[in-house]
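Residue-level listing of the chains:
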Amino acid sequence: MPLLEVKNLKVHYPIRGGILGRIQSYVKAVDDVSFSMDSGETLGLIGESGSGKSTTGKAILGLTHITDGQIFFDGKDITNSVKKNRSPYRKSVQMIFQDVYSSLNPRKRVLDIIAEPIRNFGEKMTKAEEEKAVDELLAIVGMSPSVKIKYPFEFSGGQRQRIGLARAIALKPKLIVADEPVSALDLSIQAQVLNYLVEIQEELNLAYLFVSHDLGVVKHMCKNLAIMHNARFVEYGSSDEIYNNPTHIYTRRLITAIPDIDPEKRAENAKRRSDVADEYAAQRSNYYAEDGKVYDLKQLNPDHYVAMP
Amino acid sequence: MDKLLEIKNLTTSFRIRGQYYAAVDGVDLHINKNEIFAVVGESGCGKSAMAVSIVGLHNPVFTRISGEILLNGRDLLTLKENELNKVRGGNIGMIFQDPLSALNPLMKIGAQIEESLTYHTILTKKEKKEKALELLMDVGIVDPPRTYDSYPHELSGGMRQRVMIAIAISAKPELLIADEPTTALDVTIQAQILDLLKKLQKESQSSIIMITHDLGVVAEMADRVAVMYAGQIVEIATVHQLFQNPQHPYTRSLLSAMPNAERKTKKLHYIEGIVPPLQDMLRTGCRFSPRIPWIGDEHHEETPEYHEISPGHMVLCSCYRDFKFNS
Chain P
1 MPLLEVKNLK VHYPIRGGIL GRIQSYVKAV DDVSFSMDSG ETLGLIGESG
51 SGKSTTGKAI LGLTHITDGQ IFFDGKDITN SVKKNRSPYR KSVQMIFQDV
101 YSSLNPRKRV LDIIAEPIRN FGEKMTKAEE EKAVDELLAI VGMSPSVKIK
151 YPFEFSGGQR QRIGLARAIA LKPKLIVADE PVSALDLSIQ AQVLNYLVEI
201 QEELNLAYLF VSHDLGVVKH MCKNLAIMHN ARFVEYGSSD EIYNNPTHIY
251 TRRLITAIPD IDPEKRAENA KRRSDVADEY AAQRSNYYAE DGKVYDLKQL
301 NPDHYVAMP
Chain Z
1 MDKLLEIKNL TTSFRIRGQY YAAVDGVDLH INKNEIFAVV GESGCGKSAM
51 AVSIVGLHNP VFTRISGEIL LNGRDLLTLK ENELNKVRGG NIGMIFQDPL
101 SALNPLMKIG AQIEESLTYH TILTKKEKKE KALELLMDVG IVDPPRTYDS
151 YPHELSGGMR QRVMIAIAIS AKPELLIADE PTTALDVTIQ AQILDLLKKL
201 QKESQSSIIM ITHDLGVVAE MADRVAVMYA GQIVEIATVH QLFQNPQHPY
251 TRSLLSAMPN AERKTKKLHY IEGIVPPLQD MLRTGCRFSP RIPWIGDEHH
301 EETPEYHEIS PGHMVLCSCY RDFKFNS
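If you read the sequences in order, they're chains P and Z. Under the numbering used here, the first residue of the first sequence carries the number 1, and numbering increases by one thereafter. Under the numbering used here, the first residue of the second sequence carries the number 1, and numbering increases by one thereafter.
It is worth saying that the hints were derived from the structure and are not from the lab. Certain hints may be false.
Within a straight-line C-alpha distance of at most 20 Å, the following computed EDC-like cross-link-like pairs (lysine to aspartate or glutamate) qualify [unchecked claim]: (1) P:Lys271 <-> Z:Asp195; (2) Z:Lys267 <-> P:Glu203; (3) P:Lys265 <-> Z:Glu130; (4) Z:Lys131 <-> Z:Glu174; (5) P:Lys132 <-> P:Asp112.
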């Protein structure tokens, strides 16, 4: 039984207009998306800005309303209880944010930031027990207990992201939605945070929904991935399959666009990129319906689905 | 090869609580004609501070600059403001990271391109419009007349960056400074903008200083590269030398911190600690030494010097010889 199963998820936002403010049409942010995740698995969700990847993550957390579709967690249909404040589901799913400067309350000490989920959802603890729990969480992300009494502004970006991570794992969740967790960090710090993410995953058997636009990072982190374009999946399957055998023209365009760190292959890459660009221009109609909509997914093999007519 | 720009012992200091701290600390480098020169490093390493010093865009109240910046033999640091205004946009064009905040939100695109032409050319109104449309065409905008009459907010991020490039090249500068030109863009758009910059550079035989933190962009674009750390250039080489034979511990650490499919293990290398803030920067000895504490003091030089690995490939401090990653 998969840990999380999303069926035909739709998130549409109304566009209002006219003097009466009637709904004129809808922005389809997520349009008919289905996937499933096992516990301990990392699913990468890749796409350009505006493709709907963050909205998908938010819908799973109940941070935005769901227009249609169902979400199953541990086999139970939780579509309607996602937004309920005291639902036990809220304990099992947590989030890490991209912007480490706005996701920690500047007026709270690290102790209060990390203990907040425990105070809201966890078991009753005395002050001493709570501090001990926070110390343990800090140790997991490689920080010393003395940082408890400090405020967020005293930390660097990487340290803040680790505090965010400690807060996210405070309730021993089963799933973490990580929305671009390292894209604001420098290369060397990014590596450190990614290492912690992997380590914690193994220790707690966590599942990550890893939302990112950086294909290098996703390739490093994820066993399975889904590529989103225009609110729908264009390709979905195991990372190896998709990287070695990208089938949809959009996926190929995305993969060829990544700069290679080998300067010797420069000409080769440029050639490949322009070939794919030509193909994209010439064969666009084979991959997209007339109104620009991405087709439904078709199975290529057990590990690989592609949106084809 | 002819040198276009020569920087000699450039030091740029910013005032913090009454004290001056050098963000760029004694940088020497030159940029040849017709080449793409990349400056790479993490945030806080002084790469943008250096770019800003070249065109004199710093706030003079808080900034002190010493050294020489010679463009075709003329020292830009001694120029008066009105002379410098001719250089800015005329001899040197600049592209910024965030095109939305670099463009004027209240002016139409056409007017913004023509503004630059007004300062640097003597064209009539009609000629300016023709030239602006031509420039928009050159930077790959599909419908120039329409974009000419648009406001910045009506354009996508990639289009805005193209407009920025059109403005920057309007007066045919010999040198283009691009400060993280693609960091805010999606990868597919990034590839297009990089191709465009490369094409324009080839056509005009000009030079580009490309400031970036992305080693992939460096490998795709640059002819020569300088790696900066804590205000100094720690390694300078051609792009082939740097990627085939990286020497300085900082360069090697950055390269091994990149997620890479060929690596077997799940563990990435990371650099201990952080880039120090300006006030706490080590000013003597090897500035990278606090971040590789397992390399003993005897491997560093007291006053680090440049060592030549091969012609054109220089490394600062002797610690590169015995550097190993600690596992």
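Unsatisfied constraints (hint numbers, rising): 3
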